[in-house]
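*Asks:* These protein sequence lines are chains L and D, in that order. First residue of the first sequence? That's 1 in the numbering used here, and the numbers climb one at a time after it. First residue of the second sequence? That's 1 in the numbering used here, and the numbers climb one at a time after it.
Worth flagging that the hints you see were computed from the coordinates, not collected in a lab. Hints are supplied without guarantee of correctness; some may be wrong.
[What the hints assert, rightly or not] Simulated restraints on C-beta separations:
| hint | chain 1 | residue 1 | chain 2 | residue 2 | range |
| --- | --- | --- | --- | --- | --- |
| 1 | D | 207 | L | 75 | 23 to 29 Å |
| 2 | D | 3 | L | 94 | 37 to 43 Å |
| 3 | L | 10 | D | 115 | 46 to 52 Å |
| 4 | L | 79 | D | 116 | 49 to 55 Å |
| 5 | L | 81 | D | 20 | 21 to 27 Å |
| 6 | L | 77 | D | 78 | 25 to 31 Å |
| 7 | L | 65 | D | 89 | 25 to 31 Å |
| 8 | D | 116 | L | 81 | 47 to 53 Å |
| 9 | L | 79 | D | 232 | 22 to 28 Å |
| 10 | D | 134 | L | 34 | 37 to 43 Å |
| 11 | L | 24 | D | 239 | 52 to 58 Å |
| 12 | L | 10 | D | 233 | 50 to 56 Å |
| 13 | D | 97 | L | 34 | 28 to 34 Å |
| 14 | D | 232 | L | 20 | 27 to 33 Å |
Even for Gly, the Cβ is constructed at its ideal location relative to N, Cα and C.
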Amino acid sequence: MTPMDIFRCFFLLCGAGFFLVGTIGLLRLPDTYSRLHALTKVDNLGLGLIVIGLLPGAGNVAIGLKLVLIWFFALGAAATAGHLVAHANYYRDRLHGGRWRSTEDVEHSDP
Amino acid sequence: MEQINLLLDGLLVVILLVTAGAALLSGDLFRSVVLFIAFGLLMSVAWVRLNATDLAMAEAAIGAGLVGALLLDAVGQIRHDTHARELVLPWIAGMVCLGVLAALIRAVLVQPEPSGELAGMLAASMEDSGVTHELTAVLLNFRTYDTFLEISVLIITAFVSLALQTPRAEPPSLHHVSNRLLDALIAWLGPFMLMLGFYLFWVGSKEPGGAFQAGALLASCGVLLRLSGVTLPFLRSDIGLRLWIVAGIFVFLLVASSGPLLGLPLFAYKSGAAGWLILTIEAALTVSIAVILVSLFTTAPPDADAEQDR
Chain L
1 MTPMDIFRCF FLLCGAGFFL VGTIGLLRLP DTYSRLHALT KVDNLGLGLI
51 VIGLLPGAGN VAIGLKLVLI WFFALGAAAT AGHLVAHANY YRDRLHGGRW
101 RSTEDVEHSD P
Chain D
1 MEQINLLLDG LLVVILLVTA GAALLSGDLF RSVVLFIAFG LLMSVAWVRL
51 NATDLAMAEA AIGAGLVGAL LLDAVGQIRH DTHARELVLP WIAGMVCLGV
101 LAALIRAVLV QPEPSGELAG MLAASMEDSG VTHELTAVLL NFRTYDTFLE
151 ISVLIITAFV SLALQTPRAE PPSLHHVSNR LLDALIAWLG PFMLMLGFYL
201 FWVGSKEPGG AFQAGALLAS CGVLLRLSGV TLPFLRSDIG LRLWIVAGIF
251 VFLLVASSGP LLGLPLFAYK SGAAGWLILT IEAALTVSIA VILVSLFTTA
301 PPDADAEQDR
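Chain D with its partners taken away, still in its complex shape (with noise of 0.2 Å):
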């Protein structure tokens, strides 16, 4: 059994070594986007074979998906196959890339030895925590600063892209398609997506799941909106959007400022209220992920007419 094993993971290896290079050195735009999707899913397996099922989640969600399709989305936009390839920046780039393979591959290999205290500790601290999965016990409450950086950085991200989108007429690629198998699909799908958002919102306190993948998968459920032609109101408006944006910080920064006024340190929380807090806050970054995603990939309102309004 073993082996079988071992031979599954090796060929699983193999496969994301030629996706990734096919993916790399094909000559079609197009192709390569193709190629990175599966390449995307093929990790998510990845994931799931190295025992991380939120990860997984979140790769085929947000790598695969969400990022697929504003890939696709910058490929129609480009009007042509550029094959002037520049000479110098791959070669630094590849140099660059095979120096960090280098250091993963020592990092892996020469390991010290893994104190036993660590996982004792976490395991003596699970009752205090709020919730039963030990990941979001990690992320959301003994090491929640490094969420808080996480999400400030996708706020980052998403006021950067606002930055960047000019004023211009809808480019064709985001012109809906009218299709009514489409509409047919998303009339019976929508309500099945948003409630398998919420339920992975709702199970990440004892099963993988959690804020991340329940935005991602809301995130796809509006891009999959947007494309069949239902405009998105709270997308279009200025401060609408930018409201809906940080409110996921904001609750954040009220719930970790909970902590100083009852004498804790930032970032603790009250004892016994763990579990109500960390929902809180998920359920808040929830909204504003699958915003962030979502105003990521619309970079102008469906309708030209809009434009005027500003």
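This is chain L alone, in the form it adopts within the complex (with noise of 0.2 Å):
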């Protein structure tokens, strides 16, 4: 095990880790505006370090540079959707009497 072996395994697994709790997040939290936050920001966190993690394993600067770009990419996506996703939500619980809800009240209460 080179030092870069362990450079990129650490990185890789500290990249999975992020990506689990980002999980455990997504199905534990209470409603859909904090399992944003757990999707957006700890997955494409997970992303990066996985990409650092794949860096030094890349062939050239061009595939390195892929690498990241692909990531900024990831970034730009998911700061969209999540934005759209919590304007599609906050509009549907303005529709469902216009105050926040959480998923608990929400599932109990729709017909």
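Both chains are sitting in their own frames, so use the hints and assemble them into the complex.
*Replies:* This is the structure in structure tokens:
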């Protein structure tokens, strides 16, 4: 195990760990808005760490730059998608009485 | 190392089966569609593990992306969740699927000995093919007829969806989302997507890529533009849309019939020009596939007043 291998393993495992935490957050957090935090922030940080772990193994600089570019695109897409989901959820909540309610309330009271 | 590979592949198979089962057995249609999209992505990973990168790209773009968007659109238009399920049809479908599964398992386990000649013949003919990527050479030079049939199937799909299109007011799910962040994202990413589509088409001659993948990427770009309210004018006019749809197969036929004009069989290329002819066919196919896939998504023009112009 060269130091470079240890470096890569460390970052890949950290990235996977962040994804795990993000998924636990998605499953266990009470409502859509807090789940969006878990999905966008935690998952994208995990992706960034995985990209850092993959960078030393890239063949040349071009492939490394492409990996970083993929991470940037994922960031942008996740940010926009999170905003759209939050918007849609906000307007749906307003249709149901105009106040913020957690998912347990919505699931128990919707027909 | 072999055991780890086996473990990961086995895990992938298990996850695929679990996702597929969950998608089929879920009571909520929306959840089923989301699980289907996840299944498409996992299938794409499976293709990469099988060393079929072109298939992985096509699966991710079309299977997970576009079909997922189409299904989400359909789910949005269903007013109520139909829990009344038929009793007989699922069992018949299940039996047929089990039969196909058994046949596939037998086909994989009882393979005849591969005669190494085919790989040798392929390697020997690569120089005349005009490209350096084996898959592109097979798809667009040695077995062009199969690709021709594929694009014909796509065109039939497009015309069927056009025939089923009913003139009605815009369904709510196709109303565009007016969101400044989405507009900004499209303003920044739109050119990137176009460039990436062109790159996928161009690089298909020496790396995984090609017409289908580029067309699917451009179609997703079109769907994104459509969802954010950008009207695509060439999709609204009747004649224009149909011309774009058949452009691919038209160019394909033109190039294919250039063979008989020179005394070669149909679908044969003039020697030395194969690379350029393949590029021409792929360019036309890319555009056609993109327009076909976007037209599957657009069942009505964005503005209601366009209906009265017909």
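*Asks:* Each of the hints needs a verdict: does it hold here or not?
*Replies:* We went through each hint and held it up to the structure:
1. 207/D to 75/L: 23 to 29 Å: 26 Å Cβ-Cβ, so the 23 to 29 Å window holds.
2. 3/D to 94/L: 37 to 43 Å: For residue 3/D and residue 94/L the Cβ distance comes to about 55 Å; the hint is violated.
3. 10/L to 115/D: 46 to 52 Å: Given about 48 Å between the Cβ atoms, the range holds.
4. 79/L to 116/D: 49 to 55 Å: holds (52 Å)
5. 81/L to 20/D: 21 to 27 Å: holds (25 Å)
6. 77/L to 78/D: 25 to 31 Å: Since residue 77/L and residue 78/D have Cβ atoms about 27 Å apart, the given range 25 to 31 Å holds.
7. 65/L to 89/D: 25 to 31 Å: violated (52 Å)
8. 116/D to 81/L: 47 to 53 Å: holds (49 Å)
9. 79/L to 232/D: 22 to 28 Å: With Cβ atoms ~25 Å apart, the hint holds.
10. 134/D to 34/L: 37 to 43 Å: violated (49 Å)
11. 24/L to 239/D: 52 to 58 Å: Holds, at about 55 Å.
12. 10/L to 233/D: 50 to 56 Å: This hint holds: roughly 52 Å between Cβ atoms.
13. 97/D to 34/L: 28 to 34 Å: violated (40 Å)
14. 232/D to 20/L: 27 to 33 Å: This hint is violated: roughly 41 Å between Cβ atoms.
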